[in-house]
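Colleague: Please construct the entire structure, taking both the sequences and the accompanying hints into account.
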Amino acid sequence: MNQPPAAAGPSSSELRELALSEAEYRTAVALLGRAPNRLELGMLGALWSEHCSYKTSRPLLRQLPSAGPRVVQGPGENAGVVDLGGDLLCCFKIESHNHPSAVEPVQGAATGVGGILRDVFAMGARPVALLDGIRFGELDEPAQRHRFARVVEGIGWYGNCIGVPTVGGETYFDSPYRHNCLVNAMCVGLARGDQLARAVASGPGNPVLLVGADTGRDGIHGATFASMQLGKGAGDRRPAVQVGNPFLEKCLLEACLELTSDPDLIGLQDCGAAGLTSSCAEMAHRGGVGIEIAVDRVSRRERDMTPYEVMLSESQERMVLVPRRGSEERFQAAFQRWGLHSDVVGWVLEESVFRITDRGHQVASLPISVLVSGFPERSPQSRPPEVRSVTPADPLSLAPPWPVAEAWRRLLSSPNCGDTRWIWRQYDHQVGDDTVLGPGADAAVLRLRGRRDGLAMTVDSAHRSAGLDPRRATAIGVAEALRNLACVGAEPLALTNCLNFGDPDQPEVMWQLKEAVAGLAEAARELGVPVVSGNVSLYNQFDGKGIPPTPTLGMVGLVADLERRLGAGFVEAGDLLALLGPAGAGPQGVELGGSEYQRLAHGTLAGSAPELDLAAEARSAAAVREAAARSLLRSAHDCSLGGLAVTLAESAVLGGLGARIRAPLPPPPNPPPGWVHGALFGETQGRYLISLRPDQLAAAQALFAEYRAPFAVLGEVGGGKVAVEGLAEIELAEAQASLAGAIPSRMERAARAGR
Amino acid sequence: MTVCFGIVVFPGTWSDRDCVHAVELAGAEATLLWHADRDLRGADIVVLPGGFSYGDYLRTGAIARFAPIMEAVREHAWDGGPVLGICNGFQILCEAGLLPGALLRNDSLQFRCQPTWLRVDTHSTPFLVGCHPGSTLRVPVSHGEGRFYADAKTLAQLNSEGRVALRYSESDGQLTPDANPNGSLENIAGILNEQGNVLGMMPHPERACEELLGSADGLQLFSSAIQALAARAG
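In the order they appear, the protein sequences are chains A and B.
Residue numbers for the first sequence follow our numbering, so the first one is 1086 and each next one is one higher.
Residue numbers for the second sequence follow our numbering, so the first one is 611 and each next one is one higher.
Hints may be right or wrong, so weigh each one.
Stated by the list, open to error - Stretch by stretch, here's where chain B covers chain A in the computed footprint (C-beta under 8 Å, at least three residues): (1) 1107 to 1115; (2) 1238 to 1248; (3) 1330 to 1344; (4) 1783 to 1797.
Hints were generated in silico from the structure; no laboratory data involved.
Glycine included, every Cβ here is placed at the ideal spot set by N, Cα and C.
Modeller: Quick look at the structure:
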């Protein structure tokens, strides 16, 4: 056997380009017993990048509970899988595409959608829904409007073209995201038990088939790019961004789904970050075998590509398959029917080694174990940030800049509270004929053919409170997802998560990450919702400054009976309005720390994150579900951004009916200046605004008492205004116009002015 | 007799399965017709569903018109067989010369997925024979290029021959700019060929066949066609 040509040691700038540290290079040399050549170094750099290896986050992620009676597949495959009963499986995952979207928003966002779709159909599941969590700087800035509009265009373009509905999501605008936008895409798929595929290679001599797009020079070093900070020259990284072809992916999707129940299919894997290198190494690792790839057999889009370029290309819309030897021509013919080209590019080896050849000559040979698990796990120093002295620390002690009604109007007109229709009317949210509740609902609901129950799903995240207390805020995100599911009558099944953070080599960021994972683990355990898949995006950092900690959570659940699902809008005048959940929280009864009101009114982030009682959250959610199942409720809406007053206005506008309530707490004897605003706009957790028929009150009260869920009637539905007695009222039409115009007024005014 | 709908599948078609579902709800049979085949397999009614046929990176439908199956669809249409083009199917029918006019990029320059009301302007087509002219249907649109355009002469001809089948309207049938989701000329949502057997429409009736999904009005197009065929056979 030829030894790969020895190489002179790489320079530190070469290592930096590969996102490898000097220490990691030395580890590689020690493990190999020799210096890697340039191709081998490139492969190591890609697989040892944070993006592929999770070398920093993996030790933390072990804390997350991932088992449960419904869990069929936890973390470790392309996506997690839960059992819906009746031989139906639900496969789902969320993933980030932040760095590419910051540099080239349309293609960055589009290929993010393309990538998560491939993760799901690589499991043998038909994608049935997409959701997304996106964040930008504030829309007053032209560059942010541009980036936001283009990301929405990219998400829409890919999903619309491939024919998978985008049914929900979450959007948030705040200045710390102005350099690092976040694009987290979630895909949910369905499969029968016998259709489930695994990303595994086995059986020495079996062929390795590469199908889909020809391989080009696009996306080389994409994985390492995603593992570095963005800097002023970030635009120069545009060649590291891939270009999407949703039509090609549609063909791949259909062809792969035709083949996943074929007994001769051994393994199926998406070719994502780090291209052929990562997909083949991971498949071989799972199967305890090796793989040989003959790069000269890989069809190319460009001339004179080197083995290095072929192995590290991130050209999109490619899949790797391992069929049983002798069946490859049948597989190739099936792909051909969909107009797809495929090549046998290699073979499974008995020895667990990744060997690359070019026209018969070996050009690289690395043990699979070194590639996939040889990297030293990292545990960078972690330290809580020094408490910055914001004076005063207690947001309730600040005098509000606006009277209550004016503050209410401003919140309703904030793009963070307002109607997101501007976004989702650009997304096909109905294709597939299963969308029962689409975007704009607390959670999306899809019917399951031939069944009474429905599949509910939501993407959520705590907002600014994560900057105050990442542990509690992450748990708040999980609780909010639980509440959103409960609001449509759904019981949670499992979680996926996307952890977006800054540079973990900064001790404060590492601390945030640790705290957030601990909060996620606590909440998932306490609420009994296992975490079955996830993704970590670090280095969301620009010129040394990171984004606030942003854990995005995706949760799926089941609505037992679709006929008894709930909506958020009021239904009939005369219905009673009630608050389910605590009347107050915090030492002064109301909380403003980390709220949207605090951001708008004071531009500060101070105080404490809202209190959270996970046991109470679990009881309230169960109570709402049970009340829905017994048809005791007319509507339910989670109280989140903007607090009770904004929630009230939203339910009123959705139902086209006004409402009048009283504040849930009487003011204390000497209230601090911000108290009344806190009562209306504070984001106290664990709350639902529900409406019910007066004749159901006694039954509802009894049920909620049984679950020990605090419950108080606050008012009733009806009239042409939304009002909080004695404090403020707004015409329903004005509330409607404010919510509806929150995003369009900023985007369209700008469009008229020529951006 | 059991009426059979042939649903044409291009590689980028995605409302094929939705159309099969709608046809089955209407009580008929559906068979999928592969774009590379040349045979309608005995289908009584042909549906060209929504999607992106061959990716539509060029003008929408511009490549699909050359698909082998389109020969058979043309012959079926020339023989008076009912053909329904939905969304991308409408675009393909225009490119194939089976319907006049063209579908341009929405005036918003953005994709639009939203419910619309459609006023039925004529029922002289198998697909609307069960509807009253002047009545309205709740059917969603979902497209980026749905702005109907035709030159003045063609438009006048369509109007005078009663070939505008559907227009975007308010729920009471009024034609307003607000009701028009894409800037189509005269709020046109769907048109007929001269014989009335070919209907092209941008909205998606197959998405409006069940109250559970928001509207069942679209089912009328499928059941009308079934009735019309049964009546002809009877």
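Colleague: So, for every hint listed, does it hold in this structure?
Modeller: Taking the hints in turn, this is what the structure says about them:
1. 1107 to 1115: violated (count 0)
2. 1238 to 1248: holds (count 7)
3. 1330 to 1344: holds (count 7)
4. 1783 to 1797: With 0 residues closer than 8 Å to chain B, the stretch 1783 to 1797 of chain A misses the three-residue bar; violated.
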